[in-house]
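Generate the whole structure from the sequences, applying the supplied hints.
One line per chain: the protein sequences are Z and G, in this order. Position 362 of the first sequence, counted from 1, bears residue number 362 in the UniProt record's numbering, the numbering being contiguous throughout. Position 168 of the second sequence, counted from 1, bears residue number 168 in the UniProt record's numbering, the numbering being contiguous throughout.
If you're looking for bench data, these hints aren't it; they were derived computationally from the structure. Note that the structure is predicted; figures quoted are calculated from it, not measured. Errors might be hidden in some of the hints.
Straight-line Cα separation of at most 30 Å, DSS-like style, residue types lysine-lysine; simulated pairs [what the hints assert, rightly or not]:
| # | chain 1 | residue 1 | chain 2 | residue 2 |
| --- | --- | --- | --- | --- |
| 1 | G | K97 | Z | K136 |
| 2 | G | K97 | Z | K133 |
| 3 | Z | K425 | Z | K325 |
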Amino acid sequence: MSVMGSPGLPSSWLIKSDATAVYYSVPAEDLKNILTAELARESRLVWIFCTDESRTTEVFRLWYVIEEAERPEFIVLVVDTSHPESIASLYPVASYFERKIADEFGIRFEGSVDERRLLLHECYPEGFYPLRKTTKNGPVQTTEKTAPYEFRQVQGTAVYQVPVGPVHAGIIEPGHFRFSVIGETIVNLELRLGYLHRGIEKLAEGSDPFSGIRIAESISGDESAALACCYAMAIETIASIRIPDRAAALRVILLELERSYSLLSDLAGMVTDVAFSAAAARFLIIREELQRSCEMITGSRFLKGILTVGGLSRDIPDDLLMALKDTVIQSLVDLDEVFTWTLSVPSVIDRFSTTGVVREPLIDPLALSGPIARASGRACDVRADHPYGWYLAHPPCVIFKRDGDVLARFSVKGEEIRASLTLIKEMIPDIPKGPVHVTATIRDGFSLSALESPRGRTLFWIKVIDGKIDRFAVSTASFCNWLAIEHAVMGNIVPDFPVINKSLNLSYAGTDL
Amino acid sequence: MNILSLLLKKPKVTRSNTTDLVFESTGLMLRQEIDRVFGNSIAIREVDCGSDNAAEIELANLSAPHYDVERFGITFVASPRHADVLAVTGVVTHAMKEALIKTYEATPEPKFVIAVGDDACTGGIFAESYAVLGPVDSVIPVDLKIPGNPPTPAAIMKGLLMMMQSAEKR
Numbered sequence: 001m002s003v004m005g006s007p008g009l010p011s012s013w014l015i016k017s018d019a020t021a022v023y024y025s026v027p028a029e030d031l032k033n034i035l036t037a038e039l040a041r042e043s044r045l046v047w048i049f050c051t052d053e054s055r056t057t058e059v060f061r062l063w064y065v066i067e068e069a070e071r072p073e074f075i076v077l078v079v080d081t082s083h084p085e086s087i088a089s090l091y092p093v094a095s096y097f098e099r100k101i102a103d104e105f106g107i108r109f110e111g112s113v114d115e116r117r118l119l120l121h122e123c124y125p126e127g128f129y130p131l132r133k134t135t136k137n138g139p140v141q142t143t144e145k146t147a148p149y150e151f152r153q154v155q156g157t158a159v160y161q162v163p164v165g166p167v168h169a170g171i172i173e174p175g176h177f178r179f180s181v182i183g184e185t186i187v188n189l190e191l192r193l194g195y196l197h198r199g200i201e202k203l204a205e206g207s208d209p210f211s212g213i214r215i216a217e218s219i220s221g222d223e224s225a226a227l228a229c230c231y232a233m234a235i236e237t238i239a240s241i242r243i244p245d246r247a248a249a250l251r252v253i254l255l256e257l258e259r260s261y262s263l264l265s266d267l268a269g270m271v272t273d274v275a276f277s278a279a280a281a282r283f284l285i286i287r288e289e290l291q292r293s294c295e296m297i298t299g300s301r302f303l304k305g306i307l308t309v310g311g312l313s314r315d316i317p318d319d320l321l322m323a324l325k326d327t328v329i330q331s332l333v334d335l336d337e338v339f340t341w342t343l344s345v346p347s348v349i350d351r352f353s354t355t356g357v358v359r360e361p362l363i364d365p366l367a368l369s370g371p372i373a374r375a376s377g378r379a380c381d382v383r384a385d386h387p388y389g390w391y392l393a394h395p396p397c398v399i400f401k402r403d404g405d406v407l408a409r410f411s412v413k414g415e416e417i418r419a420s421l422t423l424i425k426e427m428i429p430d431i432p433k434g435p436v437h438v439t440a441t442i443r444d445g446f447s448l449s450a451l452e453s454p455r456g457r458t459l460f461w462i463k464v465i466d467g468k469i470d471r472f473a474v475s476t477a478s479f480c481n482w483l484a485i486e487h488a489v490m491g492n493i494v495p496d497f498p499v500i501n502k503s504l505n506l507s508y509a510g511t512d513l
Numbered sequence: 001m002n003i004l005s006l007l008l009k010k011p012k013v014t015r016s017n018t019t020d021l022v023f024e025s026t027g028l029m030l031r032q033e034i035d036r037v038f039g040n041s042i043a044i045r046e047v048d049c050g051s052d053n054a055a056e057i058e059l060a061n062l063s064a065p066h067y068d069v070e071r072f073g074i075t076f077v078a079s080p081r082h083a084d085v086l087a088v089t090g091v092v093t094h095a096m097k098e099a100l101i102k103t104y105e106a107t108p109e110p111k112f113v114i115a116v117g118d119d120a121c122t123g124g125i126f127a128e129s130y131a132v133l134g135p136v137d138s139v140i141p142v143d144l145k146i147p148g149n150p151p152t153p154a155a156i157m158k159g160l161l162m163m164m165q166s167a168e169k170r
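Okay, structure coming up:
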C-alpha cells in the first residue's frame, strides 16, 4: 500500500492503514496548512465527524476525511482538540459538518461563519449534547421554543418570502424551505432540516455490531440495502471477515435493483412535475414490477432484513433469480420505450432544459456526489473510485453529462437504471454457487466504509470496543447534496421548484438521522 | 385524432398487468363502505413525523397504476383542511410534534387518524431514543394502527377497510 509520499505527511504521524483509509494523527496547529496543501492538489473534503475519546474532559477527536484524486483509499486526518478552528473558508461544506458536530458535542469552531443549530431544533435545551459519552440516551426535557431560527434575510423593494413546510402538499418527508422571491423569480432559498432527527447515531451506541445493521437500514427506506451493505462492510473490515463469493455477487444484485427502483421514482416524479403524467404512469409500472421482484427474492419490497454482517441472512434460490431476470429483461424493453418517448416530447425538453442548473465548480466545495455530480460533468462514482466487494474486479463504466440541468439529471438517472438492469441481467447466469454467509466473531477496532447508493457517496465509520458499538457515524449522500439545491434554484421561477427538487430527490431522513 | 396519425401509429400492444385479486376485492369492499359511510369519497392527508420514507413510498404507490385507488373513492389531498383522514407515519420526533398537532387541529371534524407502519404504531426500534416522543398515539388520538415495516399497499387498503367499519360505530 502506497502510504509513503502521497500526502507528504511524516510517517511518524501514521496511526493505521487499511483497505479503505489511511489515518494520520495531526497536531491541531498544523491542520489548516495540511488542508491548504490538499486543496492545492484538488483533493476534496468529504466528511468531518467527531468522537468523544476522553469521555470526561472537553477534548474531542475530530476526523477529517479527504478524498484525493486517483487514490482508492481515503486520507483521514485525526486531530485532538478542545478549540478547533473552522475550515469552512477552505472547504465550504465543512460549515455544515461543523454545525452538526456543534449540535452533537457542544464544540465551538473558532471563526465559524454560521453558528446556528443544524439538526437539533430549538426545542432541545441548551447544554444538551447527545453524542457526548456523559449524556445517556433517554427521555429529554424539551423546552418551549425561545428564539426562533433565524433565516437569511433578503431585503429590498418587492422581495417577499414564501415559507414552505415542514408539512408539504405531496406525500413526502418533512422539511422547511424558505424562498425569497421577486415576482416569480427565486433570489434565495434556505433549507431547514432536522425534523426527522431520530437520534440514530446515539441509539446505535452500545448495540451489538451484528444487530446494528437493522438500525443502519432504517436510516433511509429507499436506500436501505445500500446503507445496510455499507454498514456491514465497515464491521467486516474490523473483524477481517471475507464474505463468500455468492454473497458478494448477490449483494450487487440487491444494490443495483435498489438503484433501479429508486431512480425510477425520480424519473416518474420529474415527468409528473412537468405535467406529463402518461410517462410517469409507465415509469411507475416498471418500478412496481421491480419492487414486487424485491419482495419475491427477499420478502421485503424495500430489501430490508436480507443483508447481514458476514453476507446475507438467507440464500436467494436460483429459480427466483431467473424469474427476476425475466422481469429485468421486460423492464429494460419498457424503460427504453418510455425513456425515448419522454425525450422526444418538446414540452418536456422545454421544461427540463436549462432548469435548475448545478454548476460543475460547485462539486468540490460542496462535496457533491452521485447522479447530481455526474450530471454536472464529473465522472465520480464510489464503485469506480473506491471500489469494494464485487466491484473491485468489475468497476462500472461511469455515465456522466455536462449540462447540470434537470435534463442532464434525467438522462443520467435513466441511463444508470439501464446500466444497472443490464448488469443484473448479465450477472444472474454466472452467480457462483456456495454459501451466502460466514459466521465470525467480532473484534475491537474501527473502520471507514464507502459505497455508492442510488443518491451517491455513503460513508460509515464504526468503532467497536468490548464487542459493542462505541461510535456509529454515518454520512449519506443527501447530507452534502442538499446544499446543491440552494444553488440550483437561483434565478429559476417558483413553479419550477418541484421539478428541480424531484430531479435531485434527496433523502430528508438520511440527512436528519 | 386525425386519420393520418391513426394510420401512421403502430398498433398498440397493451400488456395487462396481472390483477391482484385480493387487492381488487378489498378495494371493492372499501368502495362500498366509503359510499355508505362517507358519502362516496374519503380524502387522506399524509403526515410524516419521523419515518424513513418507505411508508410514504407505499402510500404514494396507492395512486400508481397497479393500485390506482382513486377508482375506489380514495384521494390524497394537499391540505389537512380538505382531509377526512390523517395517515401518520413514523415515530413522532420532538421536532415534528408541533407540526403534527397543528395539522391535527387544522383537520375538520369528524376526523380519523391512522398510524401507518411499525414506528408509528409502537415507536419501533426508535422507541428508546432521546429524540422521539413515542408512537403517534402518544401525541394525538389514533383510530387505527396498520403495522408493517412498511405495510404493503394491500395492507394499507385492508387497514382503511377496518377503519371504515369502526368509523361507522364512532
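Are the Cα positions of G/K97 and Z/K133 separated by 30 Å at most?
27 Å, holds
Can the restraint linking Z/K425 and Z/K325 be considered satisfied, given a maximum Cα separation of 30 Å?
Status holds; Cα separation ~5 Å.
If you draw a straight line from the CA of G/K97 to the CA of Z/K136, is it 30 Å or shorter?
22 Å, holds
When held up to the earlier numbered hints, the structure conflicts with none and fits them all.
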